[in-house]
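Enquirer: Take the given structure of chain A and dock chain B to it, following the hints.
Taken in sequence, the protein lines are chains A and B.
Residue numbers for the first sequence follow full-length UniProt numbering, so the first one is 1 and each next one is one higher.
Residue numbers for the second sequence follow full-length UniProt numbering, so the first one is 1 and each next one is one higher.
Simulated from the structure, these hints should not be mistaken for laboratory data.
Note that the Cβ used here is the ideal one computed from N, Cα and C, for glycine as well.
Treat each hint with caution, since some may be false.
Said to hold, decoys possible - Here are some, though not all, of the chain A residues that point toward chain B, as calculated from beta-carbon distances under 8 Å:
hint, residue
1, Val274
2, Ala371
3, Glu380
As the list claims (entries may be wrong) - To list a few chain A residues with every Cβ distance to chain B over 12 Å, as calculated:
hint, residue
4, Glu64
5, Arg187
6, Arg335
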Amino acid sequence: MTDADDLRRRARDLLAAHPPSTTGSGDFLRARFDAGLAWVHYPEGLGGLGAPRSLQAVVDAELEAAGAPDNDPRRIGIGLGMAAPTILRYGTEEQQRRFLRPLWVGEEVWCQLFSEPGAGSDLAALGTRAVRESGGDWVVNGQKVWTSSAHLARWAILIARTDPDLPKHQGITYFLCDMTDPGVEVRPLRQITGEAEFNEVFLTDVRIPDAHRLGDVGDGWQVARTTLMNERVSIGGMRLPREGGMIGTVAGTWRERPELRTHDLHQRLLTLWVEAEVARLTGERLRQQMAAGQPGPEGSGMKLAFARLNQEISGLEVELLGEEGLLYGDWTMRRPELVDFTGRDAGYRYLRAKGNSIEGGTSEVLLNIVAERVLGLPAEPRTDKDVAWKDLAR
Amino acid sequence: MSTEPDLLYSEEEEALRAAVRDLLTDQCTAADVLARIETGAPHDTALWKSLAEGMGLAGLLVPEARGGQGATHREAAVVLEELGRSVAPVPYLTSAVVATEALLACAGDEAGDLLARLASGRTVGALAVGLHTAPGGTPPPVRWQDGALHGTVTGVADAAVADVLLVPADDGALYAVDAADATVTPASSLDLTRPVAAVVLDGAPGRRLGDARPAVRRALRAGAGLLASEQLGLADWALSETVRHLKERKQFNRPVGGFQALKHRLAQLWLEVVHLRAAARSAADALATGTGTDVAVAVAQAYAAPVAVRAAEEALQLHGGIGMTWEHPVHLCLKRAKADAIAYGTAGAHRTALAPLVDLQAP
Chain A
1 MTDADDLRRR ARDLLAAHPP STTGSGDFLR ARFDAGLAWV HYPEGLGGLG APRSLQAVVD
61 AELEAAGAPD NDPRRIGIGL GMAAPTILRY GTEEQQRRFL RPLWVGEEVW CQLFSEPGAG
121 SDLAALGTRA VRESGGDWVV NGQKVWTSSA HLARWAILIA RTDPDLPKHQ GITYFLCDMT
181 DPGVEVRPLR QITGEAEFNE VFLTDVRIPD AHRLGDVGDG WQVARTTLMN ERVSIGGMRL
241 PREGGMIGTV AGTWRERPEL RTHDLHQRLL TLWVEAEVAR LTGERLRQQM AAGQPGPEGS
301 GMKLAFARLN QEISGLEVEL LGEEGLLYGD WTMRRPELVD FTGRDAGYRY LRAKGNSIEG
361 GTSEVLLNIV AERVLGLPAE PRTDKDVAWK DLAR
Chain B
1 MSTEPDLLYS EEEEALRAAV RDLLTDQCTA ADVLARIETG APHDTALWKS LAEGMGLAGL
61 LVPEARGGQG ATHREAAVVL EELGRSVAPV PYLTSAVVAT EALLACAGDE AGDLLARLAS
121 GRTVGALAVG LHTAPGGTPP PVRWQDGALH GTVTGVADAA VADVLLVPAD DGALYAVDAA
181 DATVTPASSL DLTRPVAAVV LDGAPGRRLG DARPAVRRAL RAGAGLLASE QLGLADWALS
241 ETVRHLKERK QFNRPVGGFQ ALKHRLAQLW LEVVHLRAAA RSAADALATG TGTDVAVAVA
301 QAYAAPVAVR AAEEALQLHG GIGMTWEHPV HLCLKRAKAD AIAYGTAGAH RTALAPLVDL
361 QAP
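Looking at chain A on its own, in the form it has when it is part of the complex (with noise of 0.2 Å):
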């Protein structure tokens, strides 16, 4: 069994190996690898060592201080928490062994190909038609849309339909898409920000090797649920001080500009103060219940609390801001690298907020799922189950 000490030794014989000061940054991450000190709960071979995901700490503490460079995880956010997990549950030998290395590297960048205009909250849906060719390859149209980093991506994970025939779960399939085929047309989506951190992406008869589908002809949805279950993760989890996150910006504006102050906006801060220091303390609850292996329910709420206060305290922030909060920094349609929630201004924070609700299930989809999973309260009627997609309304 591996250990902490072992991991550290392992750690400190791939620094002696690969000097970070006399290694170029590419060159140490694919040792690192290789070392299996990627991500050391993955397989051998794998970028891991088949080690408690839990001693992964003590690897990243020892390589940054030794100053070693580090995968850059926000930029490559998609595929680490959602390609790769889907990958090493249902992809073959070949396919991780092709897939798994360049993407924890950050060589190669990964989006998600999931949602359509006519598949948002009932994902199921979704019409993207892939149809499979005498050859074998598969030939997909279709259109996706909310797609992060499809600029910047080399590959996506991609969900179709393969057969309209079969009730809407059921007739899904799920693919590797290789983003530099010819079919494949990125165009930016501007948000209510001026910004595009998303795109819309049309898919033409965009050709994907039979070798390229990921898990069984079919079983998509299946496949997909351990995707969306690994966002889910991904998403909280994090620790915060107190004053972390987007209260702590309006506290600073608050202290340092006394000429700003009045008797509502004093109350109001002081309420969504204490709401997020205690909105802190339930995800602190949640992260001990975790560890001590006691996981609970808590954490389904976590988003939603996250979104609301989000939005309360930044609309907050820009009436503070008075005669400032009229104005806005940059309407200049750019097409930023990552997902930002908190820089720039506090108009901009106002308005990006506003997607916290709806991005990662709508704040409607996960009270439901709260109401229905968590407080046994009886499901929402279906009347889409056993109809073929073909036949449901549109």
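Expert: Relative to the frame of chain A, chain B by itself:
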């Protein structure tokens, strides 16, 4: 490495919860409470005897060397969660927490003797300060004159069953007054299960315990902090009882709990109860460790009351007509929750107290 409070329940705390819940299930059903409040003597002295003497819970906050159980606010908080769930008419918060904390702040034999008596549960104490008073608030003056106490204190919770009243007087001292030497007049109270009373002192003899200011402050701070756990219990009961009802109740040929408008309200309430649990545990842990206590108590009290009141109000509304009847216990929960919103300072008072503590000064 962690400076964060311990927000979980230990195995011992869960065992304590189970024991208290067993007793309450047995001796303090909603029907019992409803029947008792009709008698004009709402306090359940038999239940108090079982809890305080039988289980030794009155002495949780008192060190073993001073006649108590040597436990902490964390355990007392668990007891209060359960008492809150049952809206139990016993003077636990007022005697075993608030009066006890006041005595813990006093040195000397007089205070020590009384502390041991309260810890045993055989004597019930009440701090003669209006229930609405926030920590740091100023109680109205009772005069100490010619070796006796003179004055009236209104809004004193559980005074009707107190054997001893702890009275802060205008000479800066805290005095013990035997209830027999005071006139205690119960008031018709919003909260039927924690009624308030007027205490009239007309030349009552008092035994000096110590300095009033630090004792009252400490007592009210502990009361406010642990009240959050009672409010958590109330809210948790209201939510689970409403969810249970809505799964069973059918209208339009389906369970009412299946309607999305109601599911969303209950999910939202659940989320707030989850948050309240973290806030209440944080306050209890801070009282136990003495770390960051003023902020943790103010945060918990600024958050707890609106949640507990909303939980009770939602329970009433979602029970429909039956929720409006005297025979259904939801009104006991509502009345307690609303009174708790005033007890030991309103949410607004605690926000105001918080402002300088976290450097968010008023204009």
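Enquirer: Now, for every hint given, state plainly whether the structure supports it.
Expert: Outcome of the hint check:
1. Val274: Nearest chain B Cβ about 4 Å off; hint holds.
2. Ala371: holds, 4 Å
3. Glu380: holds, 7 Å
4. Glu64: Holds, because the least Cβ-Cβ distance between A:Glu64 and chain B comes to about 17 Å, which exceeds 12 Å.
5. Arg187: Label holds. Min Cβ-Cβ 35 Å, cutoff 12 Å.
6. Arg335: Given that every Cβ of chain B is farther than 12 Å from that of A:Arg335, nearest at about 35 Å, it holds.
In this structure, none of the earlier numbered hints is contradicted; all agree with it.
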